[in-house]
Amino acid sequence: MTTHWIWQQPDWPDFKWQENRLAPLLRECVQAQGQLMGMAGSVGNSLSAQTELDALLQNIVTSSAIEGEQLNVGSVRSSLARRLGLEVADDDNVSQRSEGLAQLMLDATRHVDQPLTLERLLEWHSWLFPEQENSFSSRSINVGALRGDEPMQVVSGRIDRPTVHFEAPPRQGLERQLDSFLKWFDASENQVGLDPLLRAGIAHFWFVTLHPFDDGNGRLTRTITDLALAQGEAQAIRFYAMSASILDDRSGYYRILESSQKATSDITEWLTWFLQTLLRSLQQAIARIDSVLGKARFWQAHQESELSVEQIKVLNRLLDGGERGFEHGISAAQYQAVAKVSKATATRHLAELVEKGCLQRLPGGGRSTRYQISYPNQST
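Quick note: the sequence shown, position 206, residue 210 per the working numbering, numbers continuous.
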């Protein structure tokens, strides 16, 4: 048999990696993880719950988007919010699909002490496809069961001349292979010398290569990754969404998977990509929480300031940042447009905000004068 896929290698699945190449990146990830957990600890309960809801929602929506599926964000948010005890959901606005996805994400991240068994995996799969269980869809899949006997391939291109990017191990012996993975996943949680972040990367690669289901393999792989990361951090609360960073480099994700699945059991390249992507998601979360903490500190410092409704609206817009946040400061004309006030009022409002220490003038004068938030003691 010619060895074309990694699972055909004689030492499969005895993965190897070059620790010296991964060490600097791993150190960066661990430091960022520690910084994020420290910052998260200083966020108040209500802000913490909101930040977690945002991260979980982002994770679910982007994990489906990687597969090309656009979810109803409002529906998923309602399902999550109700389960987190943040609000009562409007049941008319919540689909079976959203309920299943919210249940799946929270089971993986909230029940980190429960073992990952075949039964639990099959239940996760049935939550992924609730509408299939009672339908006679043309795209029929085995829900809550392992894939059928036909070869499982990832292909693209013309029907008569397809490009095979990946072929999963044959159906025969799949239970045994899956059992090996699940035993390793259980035992490796406390394995001395195996960093929890590397364990998450190995679990991701191993499970997606087994491809045990007709559909949903990518989403379940990323759910297992979230479970492994939550176990490594020994906390259920999630403040970052790795799926969002994978989506940002979706073509890179598929490219590194394809090249690694056609290579030897040395998965250093895959683990490098995985850690780089994880680091990006941690850094994005740090920036988000930094913004949340900065906003809270700002309003605490200015709780006695007498501000108009328009001034508060503009300040919140500046504090929230992002695409609509006037990254390079706000001008009088922009203030006028956002606050819907006259030119004279905009100029007066800005002068008052500078006087009260809410804003500071940026260098440059005349009509092009811009203003940005003046943060109190801006240390995290």
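Keep in mind that the hints were calculated from the coordinates and are not lab data.
All C-beta atoms in this analysis are idealised placements derived from N, C-alpha and C, irrespective of residue type, glycine included.
Any given hint could turn out to be false.
[As the list claims (entries may be wrong)] Listed next, the in silico DSSO-like pairs over lysine-lysine satisfying Cα-Cα at most 27 Å (straight line):
no.	residue 1	residue 2
1	K20	K266
2	K266	K299
3	K360	K344
4	K344	K299
5	K20	K187
6	K360	K317
7	K299	K187
8	K299	K317
9	K317	K266
10	K347	K317
11	K360	K347
[Unchecked claim] Label pairs and their calculated CB-CB ranges:
no.	residue 1	residue 2	range
12	L126	V159	21 to 31 Å
13	R301	D117	28 to 38 Å
14	R162	A337	49 to 59 Å
15	P14	D153	20 to 30 Å
16	V313	A337	51 to 61 Å
17	A300	P174	50 to 60 Å
18	V313	G361	45 to 55 Å
19	D164	Q239	27 to 37 Å
20	T351	E135	53 to 63 Å
21	P28	S192	21 to 31 Å
22	S192	D270	34 to 44 Å
23	S312	G42	50 to 60 Å
Structure-based check of each hint:
no.	hint	verdict
1	K20 to K266	holds, 15 Å
2	K266 to K299	violated, 48 Å
3	K360 to K344	holds, 21 Å
4	K344 to K299	holds, 23 Å
5	K20 to K187	holds, 18 Å
6	K360 to K317	holds, 16 Å
7	K299 to K187	violated, 46 Å
8	K299 to K317	holds, 13 Å
9	K317 to K266	violated, 54 Å
10	K347 to K317	holds, 17 Å
11	K360 to K347	holds, 20 Å
12	L126 to V159: 21 to 31 Å	holds, 26 Å
13	R301 to D117: 28 to 38 Å	holds, 36 Å
14	R162 to A337: 49 to 59 Å	holds, 54 Å
15	P14 to D153: 20 to 30 Å	holds, 25 Å
16	V313 to A337: 51 to 61 Å	violated, 20 Å
17	A300 to P174: 50 to 60 Å	holds, 55 Å
18	V313 to G361: 45 to 55 Å	violated, 20 Å
19	D164 to Q239: 27 to 37 Å	violated, 52 Å
20	T351 to E135: 53 to 63 Å	holds, 57 Å
21	P28 to S192: 21 to 31 Å	holds, 23 Å
22	S192 to D270: 34 to 44 Å	violated, 18 Å
23	S312 to G42: 50 to 60 Å	violated, 37 Å
The structure does not agree with the numbered hints 2, 7, 9, 16, 18, 19, 22 and 23 stated previously, though it agrees with the rest.
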